[in-house]
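Undergrad: The listed protein sequences correspond, in order, to chains A and B.
Residues in the first sequence are numbered from 1 upward in steps of one, following the working numbering.
Residues in the second sequence are numbered from 1001 upward in steps of one, following the working numbering.
Source of the hints: derived by calculation from the structure; they are not laboratory data.
If you're wondering where the values come from, they're calculated on a predicted model, not measured in any experiment.
Treat the hints loosely; a few may be bogus.
Capping the alpha-carbon separation at 27 Å, the derived lysine-lysine pairs in DSS-like fashion look like this [what the hints assert, rightly or not]:
1. B:Lys1020 - A:Lys5
2. B:Lys1181 - A:Lys94
3. B:Lys1062 - A:Lys5
4. B:Lys1005 - A:Lys5
Selected chain A positions facing chain B (in silico; Cβ < 7 Å) [said to hold, decoys possible]:
5. Gly4
6. Ile6
7. Ala9
8. Leu78
9. Met83
10. Leu88
11. Phe96
12. Gly120
13. Ala121
14. Pro123
15. Trp124
16. Ser125
17. Val148
Now the in silico label distances, taken between C-beta atoms and shown as ranges [stated by the list, open to error]:
18. B:Tyr1045 - A:Lys26: 43 to 51 Å
19. B:Gly1102 - A:Lys181: 22 to 30 Å
20. A:Lys26 - B:Gly1102: 47 to 55 Å
21. A:Asp22 - B:Asn1159: 42 to 50 Å
22. B:Lys1092 - A:Glu29: 41 to 49 Å
23. A:Pro166 - B:Val1007: 27 to 35 Å
24. A:Asp167 - B:Gly1060: 48 to 56 Å
25. B:Ala1100 - A:Glu46: 19 to 27 Å
26. B:Glu1044 - A:Pro166: 44 to 52 Å
27. B:Ala1100 - A:Pro166: 28 to 36 Å
28. B:Gly1161 - A:Lys94: 39 to 47 Å
All C-beta atoms, glycine included, are put in the ideal place defined by N, C-alpha and C.
There are 2 protein chains.
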Amino acid sequence: MCDGKIVLALPDWVGPFLEKQDSVFKDIEGRMRLVIELSRLNVEYETGGPFGAGIFERVGGKLLAVGVNVVIDMSCSLAHAEMMCIGLAQQKLKTFDLGAEGLPACELVSSTEPCAMCLGAIPWSGVRRLICGARGRDACEIGFDEGVKVPDWADTLKNRGITVLPDVLRKEAREVLIKYKESGGLIYNGRQATFPIKESNQS
Amino acid sequence: MCDGKIVLALPDWVGPFLEKQDSVFKDIEGRMRLVIELSRLNVEYETGGPFGAGIFERVGGKLLAVGVNVVIDMSCSLAHAEMMCIGLAQQKLKTFDLGAEGLPACELVSSTEPCAMCLGAIPWSGVRRLICGARGRDACEIGFDEGVKVPDWADTLKNRGITVLPDVLRKEAREVLIKYKESGGLIYNGRQATFPIKESNQS
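Here chain A stands alone, though its shape is the one from the complex (with noise of 0.2 Å):
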């Protein structure tokens, strides 16, 4: 019954793309650039849906993780680009905090705003900042649905002590939400609400 593992693994375009980038993204247009750049092309490689996303340290801009949303190629509904760059950043620094004493502190930054799922996952993963591009309802623009966040989900964030930076880049995050649906990519919504305008390219 038990394999006991599960495997979250980033698209094979991925490594040879982050060979070509900086390692060091000094302002917040930068990372963001980066993250934009990934969904667009996740969407162009038709490796999953389109968003990208990026742990940075905050001071300095170090790139640290990236995640795309691999969610049909993984066969795992986990698999949004911030869970991803999130459980990658952990694993690679061997903590579940990464906000844990004596680290520098980091940030989430994200092609389009955190779906329920990964607003709640935020709190637990250590991150001090959360650097958004689309909003929630770009996506469920085109289809996505972001499931049930209280209204106030910012201040919720930076009542933890987490900051949130809306609207970076949004025009540009937006372009490649758009560009998805026209190009035909599968809007997948966990059940039910699946309405596939072409055949996936899921394994």
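Here the structure of chain A is known, so what remains is to put chain B in place on it, guided by the hints.
TA: Same frame as chain A, now just chain B:
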């Protein structure tokens, strides 16, 4: 920079334990007893927090996957019991949607009500029913943090066609939580809120 792979494994004792169990659990209490026993053993073996969960076929009760909290040993804040069994069941069945057409309806049985992250993950998982033992407040009583959930969270699942059955063997489930605290188990709550009663067995 990019290893590109998250690996989340259950503790070594889980496989041999399951080999001694039935593979089918006809009644709800039997399903709950299994996940409470998993939570208890996770404390006894010092392999993680006092939480267990399982995915079962709703009709018939065939066990598909189990999970325990392995946040500390896996160095990953995502590795809650519910997340583990959702990911394991999905990768076993090779689908990101346990509610996909042609699959038998599945349910998530959890020794304690889900935290905000796991709650957010449930609609994406495809399970049709959630069965809970201890309440979220029982976990909070021993110092855990369940995050920010909308007050009518059970109704929000029902609105998505996911039935919620609370308080199944709550007393037995809660006893494991209390025992964990009394035994000096680590209460971790993401960044800073940690208060290590004893040294953790974090590798």
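Undergrad: Which numbered conditions among the earlier hints are violated in the structure presented, ordered from lowest to highest?
TA: none
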